[in-house]
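Trainee: Residue numbers (numbering that gives the first Met the number 0), protein chains in the order written: chain A, 0 to 275; chain B, 0 to 419; chain C, 0 to 315.
Keep in mind that the hints were calculated from the coordinates and are not lab data. For glycine and all other residues, C-beta sits at the position ideal for the given N, C-alpha and C. Accuracy of the hints is not assured; some may be wrong.
To be verified - In silico negatives: residues of chain C with every beta carbon more than 10 Å from chain A:
1. A55
2. L85
3. A89
4. L106
5. G115
6. W163
7. I215
Stated by the list, open to error - List of simulated lysine-lysine pairs, DSS-like, C-alpha gap at most 30 Å:
8. B/K215 to B/K364
9. C/K114 to B/K228
10. B/K158 to B/K412
11. C/K114 to B/K66
12. B/K171 to C/K112
13. B/K257 to C/K75
14. B/K128 to B/K151
15. B/K412 to B/K109
16. A/K59 to B/K66
17. A/K59 to B/K206
18. B/K169 to B/K347
19. A/K59 to B/K57
20. B/K412 to C/K82
21. B/K51 to B/K66
22. B/K412 to C/K75
23. C/K75 to A/K2
24. B/K44 to B/K206
25. B/K171 to B/K44
26. B/K44 to A/K59
27. B/K150 to B/K51
28. B/K66 to C/K112
29. B/K404 to A/K59
30. B/K404 to C/K114
31. C/K152 to B/K404
32. B/K310 to B/K171
33. B/K217 to B/K291
34. B/K415 to C/K82
35. B/K151 to A/K59
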Amino acid sequence: MVKQRVQIFGVHAILIAYSALALGPILLVVMNSFKTRNAIFGAPLAPPTSATFSLIGYMKVFNASHIGTYFMNSLIVTVVSMALVLLFGAMAAWALTEYRFRGSTALALFLSIGIMVPIRLGSVAILTMMREAHLNDTLTALILVYIAQGLPLSIFILSEFIQQIPKDLRDAARCDGVPETRIFFEVIAPLLRPAIATVAVFTIVPIWNDLWFPLILTSSDTTHTITLGVQQFLGQYITDWNAVLAALSMAILPVVAIYVIFSRQLISGLTAGAVK
Amino acid sequence: MRMDRAWKRSGIAMIAMIAGLAAAEAGSLKIESWRNDDADIWNSKIIPAFNKHYPDIKVEFAPLAPKEYNAALNARLTGGTAGDIIACRPFDASLDLFNKHQLDSVNDLKGMDNFSDVAKSAWTTDDGKTTFCVPMASVIHGFIYNEDAFKKIGAEPPKTMEEFHAILDKLKADGTYTPIVLGTADQWEAATMGFQNIGPNYWDGEKGRLALIAGKEKFTDPQYVDVFKELATWAPYMGNGYQAQTYPDSQNLFSLGKGAIYPAGSWDISTFRSQAKFPMGAFPPPLPAGDKDCYISDHTDIAMGVNSASKNKEDAKKFLEWLTTPEFATLYANALPGFFPLSKDAVKIDDDLAATMVGWRKDCKSTIRNSYQILSRGTPNLENELWNVSAQVINGAETPEAAGKQLQDGLDKWYKPDMK
Amino acid sequence: MAEPISQVVAAMPRARFVALMALFLGPAVAVYTLFSIYPLIATMGLSTYTTDNAGAYSFVGLSNFVTLLTDSLWSKPFWNAAKNNLIFFAVHMAVQNPIGIVLAGLLSLPGLKLKGLYRTIIFLPTMLSVVIVGFSWNLILSPLWGVAEGALKAVGLGSLFAPWLGLPSTALVTLALISVWQFVGIPLMLIYAALLNIPDELVDAARVDGLGHLRIFLHIKLPLVLPTIGLISVLTFVGNFNAFDLIYSVKGALAGPNFASDILGTFFYRTFFGNQLQLGNPTMGAAVATVMFFIILVGVCLYLFIVQRRLRRYSF
Numbered sequence: 000m001v002k003q004r005v006q007i008f009g010v011h012a013i014l015i016a017y018s019a020l021a022l023g024p025i026l027l028v029v030m031n032s033f034k035t036r037n038a039i040f041g042a043p044l045a046p047p048t049s050a051t052f053s054l055i056g057y058m059k060v061f062n063a064s065h066i067g068t069y070f071m072n073s074l075i076v077t078v079v080s081m082a083l084v085l086l087f088g089a090m091a092a093w094a095l096t097e098y099r100f101r102g103s104t105a106l107a108l109f110l111s112i113g114i115m116v117p118i119r120l121g122s123v124a125i126l127t128m129m130r131e132a133h134l135n136d137t138l139t140a141l142i143l144v145y146i147a148q149g150l151p152l153s154i155f156i157l158s159e160f161i162q163q164i165p166k167d168l169r170d171a172a173r174c175d176g177v178p179e180t181r182i183f184f185e186v187i188a189p190l191l192r193p194a195i196a197t198v199a200v201f202t203i204v205p206i207w208n209d210l211w212f213p214l215i216l217t218s219s220d221t222t223h224t225i226t227l228g229v230q231q232f233l234g235q236y237i238t239d240w241n242a243v244l245a246a247l248s249m250a251i252l253p254v255v256a257i258y259v260i261f262s263r264q265l266i267s268g269l270t271a272g273a274v275k
Numbered sequence: 000m001r002m003d004r005a006w007k008r009s010g011i012a013m014i015a016m017i018a019g020l021a022a023a024e025a026g027s028l029k030i031e032s033w034r035n036d037d038a039d040i041w042n043s044k045i046i047p048a049f050n051k052h053y054p055d056i057k058v059e060f061a062p063l064a065p066k067e068y069n070a071a072l073n074a075r076l077t078g079g080t081a082g083d084i085i086a087c088r089p090f091d092a093s094l095d096l097f098n099k100h101q102l103d104s105v106n107d108l109k110g111m112d113n114f115s116d117v118a119k120s121a122w123t124t125d126d127g128k129t130t131f132c133v134p135m136a137s138v139i140h141g142f143i144y145n146e147d148a149f150k151k152i153g154a155e156p157p158k159t160m161e162e163f164h165a166i167l168d169k170l171k172a173d174g175t176y177t178p179i180v181l182g183t184a185d186q187w188e189a190a191t192m193g194f195q196n197i198g199p200n201y202w203d204g205e206k207g208r209l210a211l212i213a214g215k216e217k218f219t220d221p222q223y224v225d226v227f228k229e230l231a232t233w234a235p236y237m238g239n240g241y242q243a244q245t246y247p248d249s250q251n252l253f254s255l256g257k258g259a260i261y262p263a264g265s266w267d268i269s270t271f272r273s274q275a276k277f278p279m280g281a282f283p284p285p286l287p288a289g290d291k292d293c294y295i296s297d298h299t300d301i302a303m304g305v306n307s308a309s310k311n312k313e314d315a316k317k318f319l320e321w322l323t324t325p326e327f328a329t330l331y332a333n334a335l336p337g338f339f340p341l342s343k344d345a346v347k348i349d350d351d352l353a354a355t356m357v358g359w360r361k362d363c364k365s366t367i368r369n370s371y372q373i374l375s376r377g378t379p380n381l382e383n384e385l386w387n388v389s390a391q392v393i394n395g396a397e398t399p400e401a402a403g404k405q406l407q408d409g410l411d412k413w414y415k416p417d418m419k
Numbered sequence: 000m001a002e003p004i005s006q007v008v009a010a011m012p013r014a015r016f017v018a019l020m021a022l023f024l025g026p027a028v029a030v031y032t033l034f035s036i037y038p039l040i041a042t043m044g045l046s047t048y049t050t051d052n053a054g055a056y057s058f059v060g061l062s063n064f065v066t067l068l069t070d071s072l073w074s075k076p077f078w079n080a081a082k083n084n085l086i087f088f089a090v091h092m093a094v095q096n097p098i099g100i101v102l103a104g105l106l107s108l109p110g111l112k113l114k115g116l117y118r119t120i121i122f123l124p125t126m127l128s129v130v131i132v133g134f135s136w137n138l139i140l141s142p143l144w145g146v147a148e149g150a151l152k153a154v155g156l157g158s159l160f161a162p163w164l165g166l167p168s169t170a171l172v173t174l175a176l177i178s179v180w181q182f183v184g185i186p187l188m189l190i191y192a193a194l195l196n197i198p199d200e201l202v203d204a205a206r207v208d209g210l211g212h213l214r215i216f217l218h219i220k221l222p223l224v225l226p227t228i229g230l231i232s233v234l235t236f237v238g239n240f241n242a243f244d245l246i247y248s249v250k251g252a253l254a255g256p257n258f259a260s261d262i263l264g265t266f267f268y269r270t271f272f273g274n275q276l277q278l279g280n281p282t283m284g285a286a287v288a289t290v291m292f293f294i295i296l297v298g299v300c301l302y303l304f305i306v307q308r309r310l311r312r313y314s315f
């Protein structure tokens with residue numbers, strides 16, 4: 000019994016230590032964003048007190064940038080891209096794993112090239128196409144690029160997943176004469192739910208964090224994403240640590256909030272209910 | 000062999016200028032610039048002043064971070080999404096845009112005779128015939144110091160390198176202030192605030208700069224190696240962990256009152272004005288032993304030109320013409336102290352620190368950074384190399400002699416003085 | 000590979016089958032081809048051209064590649080970047096994946112309390128933007144702010160502090176560790192999921208045999224999640240050889256000191272887009288990009304044909 004207690008204590012000690020390492024830097028930034036400039040430099044590890052509390056950084060951020068618009072843009076771009084990556088990706092993965100036809104292996108290989116090369120390498124051609132389609136400076140342009148960027152990996156992951164779905168399920172449906180499209184949308188798609196979280200993580204993180212495409216594809220304030228907006232703001236106020244820390248915090252906090260709200264779904268999707 | 004039709008259609012480079020499309024519609028102008036620090040000033044002062052003359056032209060100042068400017072501007076110009084007015088980096092970066100027909104000539108613009116040839120040289124073709132950007136401002140190097148720190152150790156601004164070092168030793172012994180506020184993490188400060196700041200006194204300004212271009216002087220000559228030798232002595236006076244100290248770190252260190260001497264670019268003045276709570280002074284680069292004439296780096300830094308693909312060139316030209324007026328020069332110089340107008344008109348500068356720095360023009364001869372004209376055209380790129388070796392010399396990772404040799408070897412790989 | 004196709008599908012009229020495939024594959028293939036493959040081919044095509052001063056292109060075959068790999072002006076920085084990239088990858092493999100495995104193993108212990116909270120916290124950095132992560136760590140490790148130094152002093156290790164991001168010997172590893180800090184959540188979650196998917200019967204049987212948690216983990220669970228670890232390794236490889244943002248945002252395009260933190264991504268960026276006075280060279284940049292593509296291709300093929308074949312997939 001004692002040995003087990005010690006073991007459990009040890010496990011918690013390791014997990015707490017690592018959690019502190021993961022959370023520490025974030026807390027540090029957020030905490031200092033509420034302090035006066037002298038307190039930020041003088042006692043960086045101290046929490047704000049009534050004497051050192053200050054919101055001046057946040058006031059600057061609100062006055063100087065359209066952080067709300069940026070945030071909405073990022074949200075729209077990320078959610079729409081992710082939904083379409085999942086839809087198109089799942090359909091393609093299903094077709095490639097379920098039906099064998101001439102060239103399906105070649106097509107699968109073709110679709111996996113995108114995993115290996117950053118799409119950034121094709122920037123100039125993308126830019127030209129977007130301009131000719133009159134899509135430059137729109138969120139649509141970003142979404143199209145991000146779908147193309149996210150598809151290969153999601154097809155890869157979803158294919159692995161679909162292979163693990165028991166064959167009898169769809170064969171039973173087929174014996175009942177259910178059309179192929181309905182088999183996918185009504186039998187298979189619901190079973191893919193657990194894989195969604197994995198795909199979402201690999202899709203959302205790079206899209207939300209991307210700096211490059213917003214930089215070249217969007218040029219006005221109304222289409223900037225949060226990462227670009229914060230980057231520009233940091234460039235402009237780089238010596239003003241109140242503003243810098245406030246801007247960092249404002250970029251961090253919404254992500255944290257959304258993540259904490261959805262983390263249960265995300266993680267249960269990743270882990271629970273896997274097909275057995 | 001020319002590119003075939005398919006490649007052209009695939010949209011690399013050329014199509015943008017052939018199609019001649021631009022993002023903005025008539026009646027509005029978009030300005031591309033790397034001066035994101037100045038966004039507030041443009042929106043609150045400069046654009047309203049322009050609109051007093053041209054109320055119907057809507058101007059949008061859309062700056063990028065300096066780090067991304069060249070890359071993003073090129074992508075936008077090639078893709079045809081760049082703004083109507085382009086802020087021009089000096090020399091080859093802009094010359095390249097002109098050669099690719101992405102910038103228009105401004106020769107026939109009214110008011111261009113307000114600028115001297117020297118002022119225009121950074122945005123003029125090698126043959127001197129065509130100017131493609133309207134010069135806006137130069138920046139001056141020197142040292143900004145904390146007057147409290149100098150008072151504490153009883154020092155006066157140094158005139159010679161000997162005096163400079165005496166002050167540094169006193170500051171170090173006193174221990175209250177970091178003597179030299181400079182970091183090597185971002186590399187460019189080592190080259191720009193270090194090498195190009197103190198260097199002109201060693202290589203006699205324009206004389207040395209032109210001799211380098213003519214191939215008559217080399218970076219391995221003593222007047223260049225000596226600059227590195229001086230830089231190599233700075234490390235002990237710099238802040239703890241200066242190898243990881245970034246440019247904003249340096250600005251903060253000084254403006255928080257923790258440092259004594261800041262190797263400066265005049266553009267730092269506006270940052271310090273808003274953040275530092277102590278009196279500041281400035282002195283020009285101290286003279287090396289035996290020298291009498293002083294030289295300063297008075298570097299042509301920023302100009303503006305018209306995007307050849309702009310749909311609204313008419314308004315763009317009106318705007319550029321306004322940039323040539325004394326009204327703009329006065330407004331710009333005082334709204335952004337530390338950016339000194341390049342026009343011939345005398346401009347009164349109110350900020351005393353900026354006035355001090357621009358006052359050096361009277362006693363010292365002006366020159367520009369020696370790596371900017373022609374010499375950074377090839378591979379390896381001289382400016383990149385200069386950033387690298389200057390940081391390395393200060394870090395103690397490379398000897399001054401090796402630094403000079405590395406620069407000259409790199410230059411010799413592609414540059415033949417007669418190829419100009 | 001796909002299973003033999005079922006009777007029903009085989010019996011489907013050809014036209015209907017084509018229509019069905021078009022429906023399922025059409026959108027993905029169209030968007031992907033147009034916005035990913037085509038631009039990449041354009042870039043590869045570009046690598047066989049060169050430009051003159053006026054921006055006119057001319058075809059030069061493979062000479063850009065010859066220059067890149069044989070002219071010391073280009074080959075030296077290229078191999079330096081490739082070597083640094085390998086180190087960057089090695090740090091991820093040596094630190095990120097073991098930490099991910101250990102944490103996943105601990106979190107999957109039956110009956111552990113607070114596991115939801117731990118998972119949430121440890122995964123949090125993965126969600127943040129690289130710009131923000133780079134900027135925050137830059138502040139934390141800055142000798143000026145003194146947070147890292149203060150923290151080390153507090154535990155009596157003050158003398159260990161050094162300006163890590165600024166020293167040639169430590170800059171790259173420090174950046175790699177920052178990247179590990181951010182992305183450890185991904186291997187953690189994937190391995191955690193794989194561990195939870197192991198049938199209880201297997202573990203129960205081992206427990207009846209009297210094996211402890213550690214031995215169950217090492218001898219039963221770990222071998223079963225090897226395919227997942229293989230997948231993570233190849234994803235890490237691809238991610239690391241495409242990495243750019245973190246180093247660019249912390250060290251800039253020159254990736255100092257003395258290119259000690261230069262990786263292929265920053266080398267490509269500098270070549271393609273230029274730097275302060277260095278003009279961008281799109282054709283050489285495209286050549287660098289093409290070489291990067293082949294490096295990644297070789298790595299992925301090695302994984303597919305050597306590693307994955309040896310890992311027996313556990314089938315449910």
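Trainee: Assess, step by step, whether the Cα of C/K114 is no farther than 30 Å from the Cα of B/K228, and give holds or violated.
Mentor: Judged against 30 Å, a Cα distance of about 59 Å means the pair is violated.
Trainee: Taken at face value, is the distance from the CA of C/K82 to the CA of B/K415 at most 30 Å?
Mentor: 33 Å, violated
Trainee: Is B/K257 close enough to C/K75, meaning Cα to Cα at most 30 Å?
Mentor: 41 Å, violated
Trainee: Below or equal to 30 Å on CA atoms is what counts here, so check B/K150 against B/K51.
Mentor: 47 Å, violated
Trainee: If you draw a straight line from the CA of B/K412 to the CA of C/K82, is it 30 Å or shorter?
Mentor: Holds - the C-alpha atoms of C/K82 and B/K412 are around 25 Å apart, at most 30 Å.
Trainee: For the pair supplied as a hint, B/K171 and B/K44, is the alpha-carbon distance within the 30 Å limit?
Mentor: Not satisfied, since the Cα-Cα distance of roughly 43 Å exceeds 30 Å.
Trainee: Compare the distance between the alpha carbons of B/K128 and B/K151 with 30 Å, and conclude whether the hinted pair is satisfied.
Mentor: Between B/K128 and B/K151 the Cα gap is close to 54 Å, so the pair fails against 30 Å, i.e. violated.
Trainee: Hey, B/K404 versus A/K59, does the alpha-carbon distance stay inside 30 Å?
Mentor: Measuring from Cα to Cα gives roughly 48 Å; hence the hint is violated.
Trainee: C/A89 clear of chain A by more than 10 Å, beta carbon to beta carbon?
Mentor: Non-interface label on C/A89 holds, nearest chain A Cβ at 19 Å vs cutoff 10 Å.
Trainee: Against the 30 Å threshold, does the CA-CA distance of A/K59 and B/K57 hold or violate the hint?
Mentor: Since the Cα atoms of A/K59 and B/K57 sit roughly 26 Å apart, the hinted pair holds (cutoff 30 Å).
Trainee: Between B/K158 and B/K412, is the straight-line Cα distance small enough, at 30 Å or below?
Mentor: The hint is violated at about 39 Å.
Trainee: Does B/K404 pair with C/K114 here, judged by a C-alpha cut-off of 30 Å?
Mentor: 60 Å, violated
Violated hints, in rising order: 4, 5, 9, 10, 11, 12, 13, 14, 15, 17, 18, 21, 23, 24, 25, 27, 28, 29, 30, 31, 32, 34 and 35; the structure is consistent with all others.
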